[in-house]
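Below, each chain spelled out in residue letters.
Number of protein chains: 2
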Amino acid sequence: MAKDKAFARLPGFRDFPPEELQIRSHVFESWRRISRRYGFQEYDGPPLEALELYTEKSGEEIVGQLYAFEDKGGREITLRPEMTPSLARILGERSRAMPKPIRWFTLPQLFRYERQQRGRLREHFQWNVDIVGEAGVGADAEILAVALDALRDLGLSQDDIVARVSDRRLLTAILTSLGVSPEAHPEAFEVVDKVEREERGKSLLRLRDGCGMSGAKAEDFLSLVGTGGLEDVHRLFGQDPGVAEALTDMRDYQEVLRRLGLGDFIQFDLRIVRGLAYYTGIVFEIFDRDREFRAICGGGRYDRLLELVGGEPLPATGFGMGDVVLTELLTDRGLLPDVSRDADLYLVSISPELRPLVHELARVHREKGRRVLYSLRSQSVKKQFSSASTEGARWVIILGPDEVKRGVAVVRDMASGTEAEVALQVLKAGEGLEGNEG
Amino acid sequence: MAKDKAFARLPGFRDFPPEELQIRSHVFESWRRISRRYGFQEYDGPPLEALELYTEKSGEEIVGQLYAFEDKGGREITLRPEMTPSLARILGERSRAMPKPIRWFTLPQLFRYERQQRGRLREHFQWNVDIVGEAGVGADAEILAVALDALRDLGLSQDDIVARVSDRRLLTAILTSLGVSPEAHPEAFEVVDKVEREERGKSLLRLRDGCGMSGAKAEDFLSLVGTGGLEDVHRLFGQDPGVAEALTDMRDYQEVLRRLGLGDFIQFDLRIVRGLAYYTGIVFEIFDRDREFRAICGGGRYDRLLELVGGEPLPATGFGMGDVVLTELLTDRGLLPDVSRDADLYLVSISPELRPLVHELARVHREKGRRVLYSLRSQSVKKQFSSASTEGARWVIILGPDEVKRGVAVVRDMASGTEAEVALQVLKAGEGLEGNEG
Numbered sequence: 000m001a002k003d004k005a006f007a008r009l010p011g012f013r014d015f016p017p018e019e020l021q022i023r024s025h026v027f028e029s030w031r032r033i034s035r036r037y038g039f040q041e042y043d044g045p046p047l048e049a050l051e052l053y054t055e056k057s058g059e060e061i062v063g064q065l066y067a068f069e070d071k072g073g074r075e076i077t078l079r080p081e082m083t084p085s086l087a088r089i090l091g092e093r094s095r096a097m098p099k100p101i102r103w104f105t106l107p108q109l110f111r112y113e114r115q116q117r118g119r120l121r122e123h124f125q126w127n128v129d130i131v132g133e134a135g136v137g138a139d140a141e142i143l144a145v146a147l148d149a150l151r152d153l154g155l156s157q158d159d160i161v162a163r164v165s166d167r168r169l170l171t172a173i174l175t176s177l178g179v180s181p182e183a184h185p186e187a188f189e190v191v192d193k194v195e196r197e198e199r200g201k202s203l204l205r206l207r208d209g210c211g212m213s214g215a216k217a218e219d220f221l222s223l224v225g226t227g228g229l230e231d232v233h234r235l236f237g238q239d240p241g242v243a244e245a246l247t248d249m250r251d252y253q254e255v256l257r258r259l260g261l262g263d264f265i266q267f268d269l270r271i272v273r274g275l276a277y278y279t280g281i282v283f284e285i286f287d288r289d290r291e292f293r294a295i296c297g298g299g300r301y302d303r304l305l306e307l308v309g310g311e312p313l314p315a316t317g318f319g320m321g322d323v324v325l326t327e328l329l330t331d332r333g334l335l336p337d338v339s340r341d342a343d344l345y346l347v348s349i350s351p352e353l354r355p356l357v358h359e360l361a362r363v364h365r366e367k368g369r370r371v372l373y374s375l376r377s378q379s380v381k382k383q384f385s386s387a388s389t390e391g392a393r394w395v396i397i398l399g400p401d402e403v404k405r406g407v408a409v410v411r412d413m414a415s416g417t418e419a420e421v422a423l424q425v426l427k428a429g430e431g432l433e434g435n436e437g
Numbered sequence: 000m001a002k003d004k005a006f007a008r009l010p011g012f013r014d015f016p017p018e019e020l021q022i023r024s025h026v027f028e029s030w031r032r033i034s035r036r037y038g039f040q041e042y043d044g045p046p047l048e049a050l051e052l053y054t055e056k057s058g059e060e061i062v063g064q065l066y067a068f069e070d071k072g073g074r075e076i077t078l079r080p081e082m083t084p085s086l087a088r089i090l091g092e093r094s095r096a097m098p099k100p101i102r103w104f105t106l107p108q109l110f111r112y113e114r115q116q117r118g119r120l121r122e123h124f125q126w127n128v129d130i131v132g133e134a135g136v137g138a139d140a141e142i143l144a145v146a147l148d149a150l151r152d153l154g155l156s157q158d159d160i161v162a163r164v165s166d167r168r169l170l171t172a173i174l175t176s177l178g179v180s181p182e183a184h185p186e187a188f189e190v191v192d193k194v195e196r197e198e199r200g201k202s203l204l205r206l207r208d209g210c211g212m213s214g215a216k217a218e219d220f221l222s223l224v225g226t227g228g229l230e231d232v233h234r235l236f237g238q239d240p241g242v243a244e245a246l247t248d249m250r251d252y253q254e255v256l257r258r259l260g261l262g263d264f265i266q267f268d269l270r271i272v273r274g275l276a277y278y279t280g281i282v283f284e285i286f287d288r289d290r291e292f293r294a295i296c297g298g299g300r301y302d303r304l305l306e307l308v309g310g311e312p313l314p315a316t317g318f319g320m321g322d323v324v325l326t327e328l329l330t331d332r333g334l335l336p337d338v339s340r341d342a343d344l345y346l347v348s349i350s351p352e353l354r355p356l357v358h359e360l361a362r363v364h365r366e367k368g369r370r371v372l373y374s375l376r377s378q379s380v381k382k383q384f385s386s387a388s389t390e391g392a393r394w395v396i397i398l399g400p401d402e403v404k405r406g407v408a409v410v411r412d413m414a415s416g417t418e419a420e421v422a423l424q425v426l427k428a429g430e431g432l433e434g435n436e437g
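Here the protein sequences come in this chain order: A and B. Okay, so the first sequence: first residue is 0 according to numbering that gives the first Met the number 0, each after it adds one. Okay, so the second sequence: first residue is 0 according to numbering that gives the first Met the number 0, each after it adds one.
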């Protein structure tokens, strides 16, 4: 009962009071709208899953960061850190009976528990979109297109963002062609993954000592990875059948994206490999062009995951796009809508005996789908107008005893300030507002 | 990698594949639509909270059912079992600066961990609506009205459901008038709360032994609680000032609800007290008329809760409505919409070289906001039409080499089966479909 009992929210979690929730809804609505345009259907799973769903297939990097605990029944469980294993689990039960390809999306809240770094969030919302049951690059292109189209829908252009695209099969074929043994591929992938953050000398050393490349080959490889385009790959390794096949796929992929109107958003970049172990083909990450922010979105093909968690062996491709970095970028570019209240109608009564009429008019105008407010107790006219203004009311109906006696009320258009008398009968039919626009 | 590695979801949790999610969305959309009509703003909080937020104010009944655990940092936390404490916590930080009354709603997923009973869910979604900062019955009426209007919006009528309403202050005043000491009120409230499930003899015994009532008084009291209307309360206890005041409020409350068009949905019923300890005034529960299901919704006034968790002392009233019982009732009454796919357009190409045109048309028609699908690889025309049908496409554009050479394509209206040739130029402008309705 005492005032000193103030409770705090847990570190790393966000509250969403209405002004924050409006921003979240703005992003969610765009994600849902664009998902629907591409024919994806929404699904959801539980926020808690058995721990083993993740320990089985993910790299150590995730398992160490799980928001895991033991429940009262001694079961090892965790708050979901990503959605793809749940997708694989849900499809595992039902995919055989479903027409392919399966186009699903979801907007889950995901959780990580890392040693607390100042201000680091332990949760975020992530738009997940997946196509399951289609192995061709047409599906990969459709997946990147839906991600880019949502960002475009939110107001970002090709001047703001770029999708860096690569193919893990292409990198694998290049390494094989360079004589790197399959056992050393993971090490080489890690060097490529870190090439933008790691000192060049250290990368060269790892390629030489860890992957058995000569110094000259390692130099050439690093240069190709860092700045090479498709033509360079073709010139240097085009004669290798594995490389040639992956190059053809990459060209087809880019061609489809161009025809979908997204050519200016994409850039071939061998440095993109995606950290997680389960990707098997084309991969991508979307960044702001100036690289002021972390990646906005990442995804790619993962053809073996469903089988891994016990389902039908099905090819799959998809992505995750979080709400945090995206909202930072939209804020930076001034692309978030104004937070505002937007009541349609506020009912003002000049004397208390008119409150029954207030309730009656509230009912009929709400039935018309309008957002209608009124004072919940008898209050001064001044206070009622102040509330109407706070609520952003577009119209106010003023009920005064003299007007009501004459069978009318005053309708004020709050933007223009113009007023007009309207018959009560018209207002009681839920009409009489639109004609009074300023 | 092996097939025998099938993972299961945790007991008590639900997956929402698209056909289930469509039903959930149908209910959520109604909840959001009606909240907006009444001027409520959406908010959200974290699914995890500190354990002490609940141990402080809730009865033992909740604490024993918390989905609680210790996190890796040794902190005692729990998945939220209800939303009101989070609301109180969030408002505690900010309510002083906010105009009153505060009208907020939210749609959280809530969690309980009870000893597993067969089929008992450990999570559900619950629509929470609250008015904070208004002590009068106008707020109580508005709260019940928004709940009933959403149920009406979902297709339920006064023949399907009833809101049983009471006032804890009224019951308290009756008990005081009967000479029951304040210390014995909780016991009397519990008897009233259980009167529909408990054997009458046992209730009488508890009233006599636990509350100090004479046998005759206990009989009269139980009869009044069970079948008494407002007139009976007035006749028997109307001379008591506390009873008289609560009766006036109850009449005003019902009058406002009648004017809001909801008179046929409400019924005075002294048996409704709500189990939770923090209610302080008018309370209600909504049931199906036939009482085949558990309560659909419950709520009431809780004027001391915000202060209890460290905030500004503010009167408040609100309710929670879960998705599980409501969906059972809607299913029983045949009020759920058909689950279906509803693509606007499926693009069929008769030969592979026309696929670039497919992509181009997909782009422009999606930009018009349509839900557009096409085969992600070259497939037979038969297979493409089968997919168009699976996706529930309203229109199909058929691209054939001869037609394209003549600058046209065939548009088929899938409902009527009628076909018409339309100029490619028109289709490339995102037009040419509406005119072809059957």
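It should be emphasised that the hints constitute simulated quantities derived from the structure, not laboratory data. Fair warning: this is a prediction, and the values are worked out from it, not measured in the lab. Be aware that a few hints might be false.
Since the list can't tell identical chains apart, any single copy or any two copies may satisfy a pair.
What the hints assert, rightly or not - In the DSS-like style, the derived pairs of lysine-lysine whose C-alpha atoms are separated by at most 27 angstroms in a straight line are:
id, residue 1, residue 2
1, K382, K427
2, K427, K216
3, K216, K382
4, K71, K201
5, K71, K216
6, K193, K216
7, K99, K71
8, K99, K381
9, K193, K71
10, K201, K99
11, K427, K193
12, K201, K404
13, K382, K99
14, K381, K71
15, K404, K193
16, K427, K71
17, K427, K381
18, K216, K367
19, K71, K382
Going through the hints against the structure:
1. K382 / K427: within (24 angstroms within a copy, 55 angstroms between copies)
2. K427 / K216: For K427 and K216, the Cα distance exceeds 27 angstroms both inside one copy (83 angstroms) and across copies (50 angstroms).
3. K216 / K382: neither (79 angstroms within a copy, 49 angstroms between copies)
4. K71 / K201: Classified as neither: same-chain Cα gap 48 angstroms, cross-chain 35 angstroms, threshold 27 angstroms.
5. K71 / K216: neither (57 angstroms within a copy, 46 angstroms between copies)
6. K193 / K216: within (18 angstroms within a copy, 82 angstroms between copies)
7. K99 / K71: neither (40 angstroms within a copy, 42 angstroms between copies)
8. K99 / K381: Between copies only: 15 angstroms across, 62 angstroms inside.
9. K193 / K71: neither (41 angstroms within a copy, 29 angstroms between copies)
10. K201 / K99: neither (46 angstroms within a copy, 62 angstroms between copies)
11. K427 / K193: neither (68 angstroms within a copy, 44 angstroms between copies)
12. K201 / K404: neither (89 angstroms within a copy, 59 angstroms between copies)
13. K382 / K99: between (60 angstroms within a copy, 11 angstroms between copies)
14. K381 / K71: Classified as neither; 57 angstroms inside a copy, 55 angstroms across copies.
15. K404 / K193: neither (79 angstroms within a copy, 51 angstroms between copies)
16. K427 / K71: Intra 58 angstroms, inter 60 angstroms, cutoff 27 angstroms: neither.
17. K427 / K381: within (24 angstroms within a copy, 56 angstroms between copies)
18. K216 / K367: neither (73 angstroms within a copy, 51 angstroms between copies)
19. K71 / K382: Neither. Shortest intra-copy (53 angstroms) and inter-copy (51 angstroms) distances fail the 27 angstroms Cα cut-off.
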